[in-house]
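Undergrad: Here is how the chains run, residue by residue.
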Amino acid sequence: MPRSDLLLMIISRVSALLSAAVVLVILGFLFREATPALLEIGLSRFFTDRSWHPLSGNFNLKPMIVATLVTSLGAVAIAGPLGIASGLFVHFYAPPALATWHRRIVELLAGIPSVVFGLWGLVVLAPIIANLGGSGQNLLTATVVLGLMVLPTVAVLSDNAVAAAPREAIHGAAALGMSRWAIVWEIVLPESRSGIAAGVILALTRALGETMAVLMLAGNVVEMPTSLLSPGRTLNANIALELGYASTSHRSVLFVSGLILMLVVSVIVIVISRRGRPIR
Amino acid sequence: MKLIHPALYTTVLVISLAGCSGSPSSEVSVEADGNLSGKLTLTGSSTVAPLVTEIARRFEERHPKARIDVQTGGSGKGIADARMGVADIGMASRALKSDETDLTAHQIAADGVGLIVHSSNPIEELTAEQVNSIYTNQTQNWKDVGGDESEIIVVHKAEGRATLDVFLNHFSIDNTTVKADVIVGENEHGIKTVVGTENAIGYVSIGTAEADIAADVPIRLLSLGGVEASTATVASGEFPMSRPLSLITTDSPSPLAMEFIRFCQSTEVHDLVRSQYFVPVTSEPNAAQ
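Chains E and D supply the protein sequences, listed in that same order. Take the first sequence: its position 7, counting from 1, is numbered 7 in our numbering, and each next residue is one higher. Heads up, our numbering is the position in the second sequence plus 280, with the first residue counted as 1.
Check before you lean on any hint, since a few could be wrong.
Which stretches of chain D does chain E cover? Using the computed rule of at least three CB atoms under 8 angstroms from a CB of chain E, they are [as the list claims (entries may be wrong)]:
| hint | stretch |
| --- | --- |
| 1 | 349–361 |
| 2 | 408–421 |
| 3 | 437–451 |
| 4 | 455–462 |
Think of the hints as simulated: they come from the structure by calculation, not from any bench. Virtual Cβ for every residue (Gly too), placed ideally from N, Cα, C.
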């Protein structure tokens, strides 16, 4: 093996190991900080306690797990179809000039900081949704804004996936007289499925990790949501709201909340990437 | 201190005297003056930190050899760090609790907590019983406390926040009985929530609310027990729901720490205290406990 190859091999292996190690170090840290609470309280009480009042010894995390899943999955349900449609639009339906501008605008959407989204949701969207009842700060408002925030991820990755669909197949289909819609539906979408799926997974994990905007919009009350108009608190918002003010045992309990979030994210990513695999 | 060059010593003396002119504490600073170089670390309340950061900047201008490092992390962390000696001084936006008597609080400012409603809400004042029954969900409609016919949206703070402690203590509410519609973090989050929801009630730092009202934000502070909620009534001690903003030390703080605390309590920083929407306290040493 030439020297330069050897060097590159070492560098890439070390980098790969380091990036995997970062995740393990974070997990280890989470475990270390959460251990006092897990030993003292036990994992089961985080699911069976009456409510979330950590200063009074009640530690129920279930409503927060539900709120986290509802807002993230809801956001992907909004962003998924819109993002995929956007990817198809720029390749098959938009005039070239419009396609360029459309791409730029979608990319710009990705650059808006999440507090700005949060503030916009708080002063513009929440008062509108308040007309449906309540304060306007609820799971629906958070989900809609979260959907807008993860939209560019799906749109850009769908755009790339659609661009990678084989030209010969598309041209061949066109030569056979298939309509544009039939080409998109029968050839482009199946061919770009794994790329689009990657975009959806990335969007979902981003939605699961988003904190600031959700904290500002979801209402943060910890109770089992009964509808989309119920307020809810996500696991991340819980940490952001309370960690700065938490001392010893309360702090440790918040690390358990982080650990559970990590668990929820891992389960979702593993399940989805299993389902996405057979395609390529 | 034998090593300090006489000329340097004189310079420091002159600077520190100039810095303390008009302050009642100038005598002490002459004694402590040989120690006015060094590093201080402060941690704690995110409410107090911005104010102390400003004061520290001014202090460093006057004493170029002193370095003051301000970090946040909440009142609880400030108190714990001061106790364990991790920080020279802790910052707390609440009074010390009964199990924290081994520490000394040096009050540098006060902050009132006031109830706010949307300015379109006709309510001017609520009694303590009414506030209690609203927050524990016994009163659910504004018409029951003399307002319009509309559901009350209860805005509450997240567990562990100092403002929450002040509120719960004042109205003797057990936090587990509170039935909130929205839980907020920062004061501005609370104010924006009330602005966006005409039938909401919340509570925030009076200074922040006053500044927003001055900027035409449509909220109104409610009087409490017949006392108007304003920084003026907090300063005079009339307003009942207020909290001290303090610097926390052990019994024997270093001379530099003492000097910094004295500076924070002096009239020379009152403009900074007001600019952060807090209420200055008198410059008497150890005004707190």
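Undergrad: Give a verdict on every hint.
TA: Evaluation of the provided hints:
1. Evaluation of the coverage hint for the stretch 349–361 of chain D: fulfilled, as 7 residues show C-beta separations to chain E shorter than 8 angstroms, against a requirement of three.
2. Here the stretch 408–421 of chain D counts 0 residues with a CB under 8 angstroms from a CB of chain E, which misses the bar of 3, and the coverage is violated.
3. Coverage of a stretch by a chain is defined here by at least three residues with a beta carbon nearer than 8 angstroms to that chain's beta carbons; for the stretch 437–451 of chain D and chain E the count is 5, and the condition holds.
4. For the stretch 455–462 of chain D, the assignment as covered by chain E holds, since 5 residues bring a beta-carbon within under 8 angstroms of that chain's beta-carbons and 3 suffice.
The structure fails hint 2 only (numbered hints given earlier).
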